[in-house]
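Now for the letters of each chain:
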Amino acid sequence: MTPLLPVIVPFGAAAISLALGRRHALRRSLGVLALVANLVASVLLLQEVRDGSVVTVVVGDWPAPIGISVVVDLFSAIMLSVASLMLLAVFVYAIGSSRTDDTTLFFHPVYLLLASGVSASFVTGDLFNLFVAFEMTLVCSYVLITLGGSKPQVRHGTTYVVISLLASTLFVTAVGLVYAATGTVNMADLAVKLQAIDPALREALSVLFLVVFGIKAAIFPLFFWLPDSYPTAAAPVTAIFAGLLTKVGVYAIVRSQTLLFSQDTHSTLLLATAALTMTVGVLGAIAQDDVKRILSFHIVSQIGYMIFGLGLFTVAGLAATVFYVVHHILIKTTLFMVGGLIEERTGTAALRRLGGMLHTSPFLAALFLIPALSLAGVPPLSGFVAKLTLIQSGLEVGAYMTVSVALFVSILTLFSMTKIWAGVFWGAPEAPPPMPEGLESSRPRFPPLMVGSTAALVAASLLFVVAAAPLYQLGQRAAEFLFEPAQYVEAVLGP
Amino acid sequence: MIVLALALTVAVLYAAGTYLLFQRNLSRIVIGLALLTHGANLLLLLAGGRAGRPPIVGAEGGPAADPVPQALALTAIVITFGSTAFLLALAYRSWLLTRSDEVEDDVEDVRIATMTALREREAEEEIVVDEEAS
Chain A
25 MTPLLPVIVP FGAAAISLAL GRRHALRRSL GVLALVANLV ASVLLLQEVR DGSVVTVVVG
85 DWPAPIGISV VVDLFSAIML SVASLMLLAV FVYAIGSSRT DDTTLFFHPV YLLLASGVSA
145 SFVTGDLFNL FVAFEMTLVC SYVLITLGGS KPQVRHGTTY VVISLLASTL FVTAVGLVYA
205 ATGTVNMADL AVKLQAIDPA LREALSVLFL VVFGIKAAIF PLFFWLPDSY PTAAAPVTAI
265 FAGLLTKVGV YAIVRSQTLL FSQDTHSTLL LATAALTMTV GVLGAIAQDD VKRILSFHIV
325 SQIGYMIFGL GLFTVAGLAA TVFYVVHHIL IKTTLFMVGG LIEERTGTAA LRRLGGMLHT
385 SPFLAALFLI PALSLAGVPP LSGFVAKLTL IQSGLEVGAY MTVSVALFVS ILTLFSMTKI
445 WAGVFWGAPE APPPMPEGLE SSRPRFPPLM VGSTAALVAA SLLFVVAAAP LYQLGQRAAE
505 FLFEPAQYVE AVLGP
Chain B
3 MIVLALALTV AVLYAAGTYL LFQRNLSRIV IGLALLTHGA NLLLLLAGGR AGRPPIVGAE
63 GGPAADPVPQ ALALTAIVIT FGSTAFLLAL AYRSWLLTRS DEVEDDVEDV RIATMTALRE
123 REAEEEIVVD EEAS
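Protein chains in written order, with my numbering: chain A, 25 to 519; chain B, 3 to 136.
Because the hints were derived from the structure by calculation, they are not lab data.
We treat Cβ as the ideally placed atom computed from N, Cα and C, and that holds for glycine.
Hints may be right or wrong, so weigh each one.
To be verified - A few chain A positions that, by computed beta-carbon distances, are all more than 12 angstroms from chain B:
hint	residue
1	Val82
2	Asp85
3	Thr128
4	Val196
5	Glu227
6	Ala311
7	Thr338
8	Ala340
9	Gln416
10	Ala491
11	Pro509
12	Leu517
To be verified - Residues from chain A shown here face chain B by an in silico Cβ test under 8 angstroms; the list is partial:
hint	residue
13	Phe152
14	Val156
15	Glu159
16	Lys175
17	Val178
18	Thr182
19	Thr193
20	Val199
21	Phe507
Work out the full structure, taking the sequences as your base and the hints as a guide.
Next comes the structure, spelled out in structure tokens:
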């Protein structure tokens, strides 16, 4: 099973989809088919590396440090599998939605290219290639976030594009400096050669990469663009962005800190950043009164938890991070999908204009409640398991400060989830605002595809709890491997 | 000497680009980003070692210029070209919609800030009323 399949399949499908033009039924089935194939390929890859082995390919058959390496280890495979599941679910959701006009010429090709770019960032073993994969994802996200071309979308899209371009420029700068210092951009080669350079220089590079990836991952204090730009996009777009894009940044932080800069750990810096990210994110969420904006601030807050696990620099902590990332991708995507359903049903996501949906649509209330409680970490849902492992590993090391912040933030998370619950589902039903022209009669109020894909993800999150033990073991094996850069190097460069 | 001049150019480009990024006019931000990316590309070129060496094709025996940073810079140029074009299109669209080149304040942020201020004032007034009543 070649590790390039999750990159090539959506990429090819994007090209075909563009060529198909306005044959919508054909395009939709092509997209679903490609994303199913993507999912199958990712799961097969996961099966292959489950015992801790590594799959590598050198593009063009050039030997390793010269040719571009493609490397899949357990961590990459886990991320690939979860990401492809989300990509498929959100794609089905988008087909059902009336607000993302999936009949525009560009939605399908761009979405598939985004899928290809996300996969590429997970499988690449080359620093510059990671930049290219990021750019592929970003350019697609620019198009998706401004797809409607409305005034708020352009306003918020501009912020997003500018900050992303700045991050990309910093990334090129960092790559240039690394190349000047070591003469290579192959990650395995870098893991060896970076050890030989001046420690002060290495520290500086490490922090520079932390800033670059930190902007993508939206960690404190580099998160301001996220709650600004995500809520204005169409619901499926926000759902997939919330689930995947920041997590690509988290993946890059974990990879660079464990593989490239494994010898000097910025434990204190990361723990402090994590605590601040959690706190500021959740406080921002409490101030908002729009479902999508509340959820967007929660992304920031949750990123803090992931950085917390990494900042501990123990196998248990990193395993908890891997586990947490998977849980978060699943839950956050689902929550945004429910947010989209609320919007689809009522035409707004503003809490002050909503109410009483518990009476009008009790099933939707259940679909919201499960992931919302899970996000806050209420037992026995997946968020509880994820936070428990994180906090246990924090206590083992004695990071009491960050642990108490994490616990306190959980309560605030629960508080802001109850705020959505009270605003949207409780109270007397509001008179539903008139649907936009033309949609009233032609569309069912709850498109079955949207509800179906959301319900499937909620079911998956419940399954996640049942299978928590084997999944955690998987995360642990991934973490053990991440702490053995020598194995990675050997797999790529040969003994 | 050439290397020093190039390094200084990189520094100036970064400084000017950063300054322009802090402006509120979208057109200045675009130019600022363009300058920054030029600086980054020059930096990539500088990372390849001393200037003045022959290109790798045709360099016989002697030291050749490192082709890798050139390839990287070419890729980066193409990518930033595309992104800048997109940003310009976005800026034009923004100008069509608002007839102004400035990046506006976030409407939702402003609303939430005023909402909090309103609530605080109401709370204060209530306290005053309570005191008067007692």
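Now the hints, each set against the structure:
1. Val82: holds (16 angstroms)
2. Asp85: Consistent with the label, Asp85 (chain A) stays out of reach of chain B, its closest Cβ about 18 angstroms off (over 12 angstroms).
3. Thr128: The claim stands: Thr128 (chain A) keeps its Cβ more than 12 angstroms from every Cβ of chain B (closest is about 16 angstroms).
4. Val196: violated (4 angstroms)
5. Glu227: Given a closest Cβ separation of 19 angstroms, the condition holds.
6. Ala311: violated (6 angstroms)
7. Thr338: holds (35 angstroms)
8. Ala340: holds (38 angstroms)
9. Gln416: holds (37 angstroms)
10. Ala491: holds (39 angstroms)
11. Pro509: holds (23 angstroms)
12. Leu517: holds (17 angstroms)
13. Phe152: At 6 angstroms from the nearest chain B Cβ, Phe152 (chain A) passes the 8 angstroms test, so the hint holds.
14. Val156: Holds - the Cβ of Val156 (chain A) comes within 8 angstroms of chain B, reaching about 7 angstroms at its closest.
15. Glu159: holds (5 angstroms)
16. Lys175: Because about 5 angstroms separates Lys175 (chain A) from the closest Cβ in chain B, which is inside the 8 angstroms limit, the hint holds.
17. Val178: Interface hint status for Val178 (chain A): holds (5 angstroms vs cutoff 8 angstroms).
18. Thr182: holds (6 angstroms)
19. Thr193: Result: holds, 5 angstroms to nearest chain B Cβ.
20. Val199: holds (7 angstroms)
21. Phe507: With Cβ-Cβ at 30 angstroms, over 8 angstroms, it is violated.
Comparing the model with each numbered hint stated earlier shows that hints 4, 6, 21 do not hold.
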